[in-house]
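**Student:** Listed below, chain by chain, are the residues.
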Amino acid sequence: MRRVIKGVPTAKDENLKNGLGGSFTFVELGEAIDNEGILSGKRLPSFVDMARYVFYTATGKNINEKKIKESTGFIGETEEYEVYLLYKPDLEWLKTTALDLEKAKKIVGKKRGKKKLVFAPAKYLDEEALKELNIEFAQLPFGIYRR
Amino acid sequence: MEFIEDKFNMELKKFQKEALVIIEKYLSEVAKQKEAGNIRYASLAAWENLNISSERPYQTKRNGLGEDVPNFVMKIPTGGGKTLLAVKTIDVINSSYRKKKTGLVLWIVPTDSIFKQTVKNLKDRNHPYRQHLDIASGGRTIIKEKYRGRIDKFTPLDVEENLVVYVLMLQAAARRQEVRDDLKIFADSGGFDSFFPPDDRLDKHEKLLQLYPNLDVFNKEEVGRRQVKTSLGNTLRLLKPIVILDESQKAYTPIAINTILSFNPSIIVELSATPPAGSNVLVKISGKQLNDEEMIKLDLHIINRQYDEWKAVLHASKQKRDELEKIALENERRTGVYIRPILLLQAERTGKDQRGQGYIHSEDIKEELLRLGVNENEIAIKTSEQDELKAAEEVGGLMSRDCPIRYIITKYALQEGWDCPFAYILAILAYHTTHAEKALTQLVGRILRQPYAKKTGIKVLDESYVYVYHQESHKVLENVRRGLIGEGLSDITTHIQVFGDTSGIQETPPPQKYKVRKEFIRAAKKVLLPFFMTKENGCWRWTNYERDILSKIDWNKFDYSEIIKLHLTDQKMVEEYVASLSDDEKKVIEIQNKYVEENCSGFFNITYAVEYLSSIIPNPWVAYELVNKVFSGLEKKYNKELVAKNLFLILAELKKKLSLWLDQEARKIFELMLQKDQIRLMLIKNQSYRLPQELELRPTTPLLNRYHKPLQKSLFDFVPADSVNTLEKNVVYFLEDQDKLYFWYRNIARNDYGLQAWRKDKIYADFIFTIYDKTRRDVGKVYVLETKGEHLAGNRDTEYKKSVFNLCNQLLNKAVSNFIDKDEIYPNLEYKIVTEDEWQNELINVFLDKN
Chain A
1 MRRVIKGVPT
11 AKDENLKNGL
21 GGSFTFVELG
31 EAIDNEGILS
41 GKRLPSFVDM
51 ARYVFYTATG
61 KNINEKKIKE
71 STGFIGETEE
81 YEVYLLYKPD
91 LEWLKTTALD
101 LEKAKKIVGK
111 KRGKKKLVFA
121 PAKYLDEEAL
131 KELNIEFAQL
141 PFGIYRR
Chain B
1001 MEFIEDKFNM
1011 ELKKFQKEAL
1021 VIIEKYLSEV
1031 AKQKEAGNIR
1041 YASLAAWENL
1051 NISSERPYQT
1061 KRNGLGEDVP
1071 NFVMKIPTGG
1081 GKTLLAVKTI
1091 DVINSSYRKK
1101 KTGLVLWIVP
1111 TDSIFKQTVK
1121 NLKDRNHPYR
1131 QHLDIASGGR
1141 TIIKEKYRGR
1151 IDKFTPLDVE
1161 ENLVVYVLML
1171 QAAARRQEVR
1181 DDLKIFADSG
1191 GFDSFFPPDD
1201 RLDKHEKLLQ
1211 LYPNLDVFNK
1221 EEVGRRQVKT
1231 SLGNTLRLLK
1241 PIVILDESQK
1251 AYTPIAINTI
1261 LSFNPSIIVE
1271 LSATPPAGSN
1281 VLVKISGKQL
1291 NDEEMIKLDL
1301 HIINRQYDEW
1311 KAVLHASKQK
1321 RDELEKIALE
1331 NERRTGVYIR
1341 PILLLQAERT
1351 GKDQRGQGYI
1361 HSEDIKEELL
1371 RLGVNENEIA
1381 IKTSEQDELK
1391 AAEEVGGLMS
1401 RDCPIRYIIT
1411 KYALQEGWDC
1421 PFAYILAILA
1431 YHTTHAEKAL
1441 TQLVGRILRQ
1451 PYAKKTGIKV
1461 LDESYVYVYH
1471 QESHKVLENV
1481 RRGLIGEGLS
1491 DITTHIQVFG
1501 DTSGIQETPP
1511 PQKYKVRKEF
1521 IRAAKKVLLP
1531 FFMTKENGCW
1541 RWTNYERDIL
1551 SKIDWNKFDY
1561 SEIIKLHLTD
1571 QKMVEEYVAS
1581 LSDDEKKVIE
1591 IQNKYVEENC
1601 SGFFNITYAV
1611 EYLSSIIPNP
1621 WVAYELVNKV
1631 FSGLEKKYNK
1641 ELVAKNLFLI
1651 LAELKKKLSL
1661 WLDQEARKIF
1671 ELMLQKDQIR
1681 LMLIKNQSYR
1691 LPQELELRPT
1701 TPLLNRYHKP
1711 LQKSLFDFVP
1721 ADSVNTLEKN
1731 VVYFLEDQDK
1741 LYFWYRNIAR
1751 NDYGLQAWRK
1761 DKIYADFIFT
1771 IYDKTRRDVG
1781 KVYVLETKGE
1791 HLAGNRDTEY
1801 KKSVFNLCNQ
1811 LLNKAVSNFI
1821 DKDEIYPNLE
1831 YKIVTEDEWQ
1841 NELINVFLDK
1851 N
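Chains as they are written, first to last, in the numbering used here: chain A, 1 to 147; chain B, 1001 to 1851.
Treat the hints as calculated values from the structure; they're not laboratory data.
Note that this is a predicted model, so its numbers are computed, not measured.
A hint or two may mislead.
[To be verified] Pairs of lysine to aspartate or glutamate, EDC-like flavour, derived with a Cα cap of 16 Å:
hint : chain 1 : residue 1 : chain 2 : residue 2
1    : A       : K131      : B       : D1353
2    : A       : K115      : A       : E132
3    : B       : K1762     : A       : D49
4    : B       : K1352     : A       : E136
5    : B       : K1760     : A       : E128
6    : B       : K1656     : B       : E1309
7    : A       : K42       : A       : E80
8    : A       : K95       : B       : D1216
9    : B       : K1762     : B       : E1546
10   : B       : K1762     : A       : E128
11   : B       : K1552     : A       : D126
12   : A       : K105      : A       : D126
13   : B       : K1513     : B       : D1717
14   : B       : K1760     : A       : E127
15   : A       : K114      : A       : E80
16   : B       : K1552     : A       : D100
17   : B       : K1760     : A       : D126
18   : B       : K1629     : A       : E36
19   : B       : K1762     : A       : E127
20   : A       : K103      : B       : E1546
21   : A       : K131      : B       : E1546
22   : B       : K1760     : B       : D1797
23   : B       : K1184     : B       : E1161
24   : B       : K1552     : B       : D1663
25   : A       : K42       : B       : E1625
26   : A       : K95       : B       : E1536
27   : A       : K115      : B       : D1353
[To be verified] Here are some chain B residues the structure puts well away from chain A; computed CB gaps all over 10 Å:
hint : residue
28   : P1510
29   : K1565
30   : E1694
31   : F1718
Note that beta-carbon positions come from the ideal geometry of N, C-alpha and C, so glycine has one too.
Kindly produce the complete structure, drawing on both the sequences and the hints.
**Tutor:** This is the structure:
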């Protein structure tokens, strides 16, 4: 990998020879995350594993596990977003949980801060309401790959 | 970017040769007229002497010196090799009209992309354009350009000894008179000094001005006596260039035309697929001629998949592409002819931050292609902010064997003359009708060019394919037709229907503000329309579909047993039209319903099914459970492969059943909430609908009454003619004739009064109108009116609106109003829905019983 970044002197390909540039970050993703396993409930990752995965795909940055507050769903922030995850490795819970006005208000709190990026199984809020609350909704599990 | 012109073929096509013969004949006749002393009207007389058949009389044009400028247009469909013809026309002009090989050609193009392409090809000594130019100039060609702020210079010697072709983008020249003087083209600049007398010889400047009175001079105040500017513009004026005007339909604004004529052209040759009014069509090339010369891919197959969704269309079109590539490879093995079929995919959104708003985004399409196993380097996204086609140029363009691109995703960014013969298939993925229609019209021409302008002899590789879905058949045809006309291929379409004016392109004017008519201001303020409101924590707020209805749906109650009873087969029905040139004109576009066998196996994926249903079932885990039950039920009856083949059919059926069921459930929930007084139809100050007092609209053709006179009773005096369909227009005619009517207003969807009930989408009725109460001399009864065309009567949407309107009318009797000033309350309100065959009777009754 490092050779590709910095250049492979013996390579025939001109680009490869000069190095493709870029950087490499090692990320521990835990167990593999697959949609079917998640949807069927057969392979549901733990909250922290899911948080780590979601945070990385959403922001491209590694999560700071110390900052995770499972009770509120807060899993970290970037300059642009505060990221929240409404998730439990519990099929019944997932089937019946949605981001509704009550939960949204709790997340947003009293003071208007950064935009909130909220991962949840579903939402019962219209686009206008989300806009007003300054929330961006990302659906689990599909929203993970969309970001 | 690749343009039609085939780099390997210098040979002119038959119709191109014929066109040149006509041009030569005409120019020789003009020269003869001039020699005979007819200096002022030579071009007109020549036109008439040759009996050139054209629909319109010849339009004489005069340059800035008042001289007669022979001017004509070659009408050539896109893909007809117009640039090659233009180059050969220069040759004809030089040999039979000007009788010299050197001088100046001003080549004017309309857009940046055409500019770059033209300059690139003309400068390339190996390109046929350049080679033909070199024939015209005797090997002495110089290409110059003005690009943005940069102006190429040339000297008197250059023009004396060479053919100088100066390429210019029209916008640079066509500006308003006031700012014109500031533009670089007209600004005094160093490089053109040698065309003009020295600064201190003002006598010579004066002499020059007598010969060329329209030269720009410095303000007298500045210099004292007149001094000619040494600008590019003035240099052009001195040299009386041959003007080649590409896409001349874009140049027919008065400002543009005047600017071009002010360059003192000696002759103007226009190229256009859709010649504008005011131009003289000398050469007309039809789609049939192109087809006879094997330049276009016909038949055009239009495949309309009525009951599908975009991924299915993507999948089907990808499958078609794969099939074409396989055949192309076999063909290559036999003949050595390289063809790599490309699929054009049209997205609704491409902006970086526009994903996930219910529109089909370019990234969604790419993601799906990747999922189907396409290599990333085979996909190029071309948008205004992202041009992945540029990379293709580095390996020799899209036609090169080194280029891997097989999929191009775009919104409309391909429109400007872009064209690649390898593009065989166009898939319109836009779900929203307006997007789909626009895309169809603008993109259909992009797939028509035959590679190497030579038919392969293999039918599927000599034809082109359009995939659409969810569109009404007649609309699809109309938009294809419009698209073909825009490409100059009207003869493929003429027999079907007579079209309106297709000449020229109109600029869209900026929006203007319109105010309510004075006589209605006071009355309009009193009209107040109610909404459904939901009680929450003791307060009333607008009823909200997601919060009040959707969240209460119990999906476990859905009965899927009927889906499991579905009959599955190997084959599938799609609607296909074929647009072709045939001797039997009536048959040109025909509809064929046919069965096609599609291989969907390998595509089956349960998570895909869950995503597909996500527009109905909000929770993916709930959807998964249901899909799982349905498919395992089906797999008990059929083998797995057959189920996979019918994935889209099953999903479409499931979705249909689900949405019907959802409607019923939602209605139950809504009605229960009404019963429990959790929902009310209410008038609340500041939360009810009021008619607008001001509108912002683009001034377009206004709607007139049935006597072609301005509207009298509309709330605003301007109503755009295109804001109503035929039925609505007839309703307007009727309303305008009613003495008892006070005023009417065209309710604008998504902007005005929309009633939220138990479906996600609000109901936006077509009209709001009021009766004049003579005794109170005030607003009487108010009507909210929805009209429905015949073919929509009885469909789900109509039935839904009917039941909501009925409900509203019942509730109005006991409507609760809070915090309303006395004179604002309008319990005297009625919701009405009328169909095409009975609207007149119904409305007559409205105006009868309200004395």
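**Student:** What hint numbers does the structure not satisfy?
**Tutor:** 3, 7, 8, 23, 26
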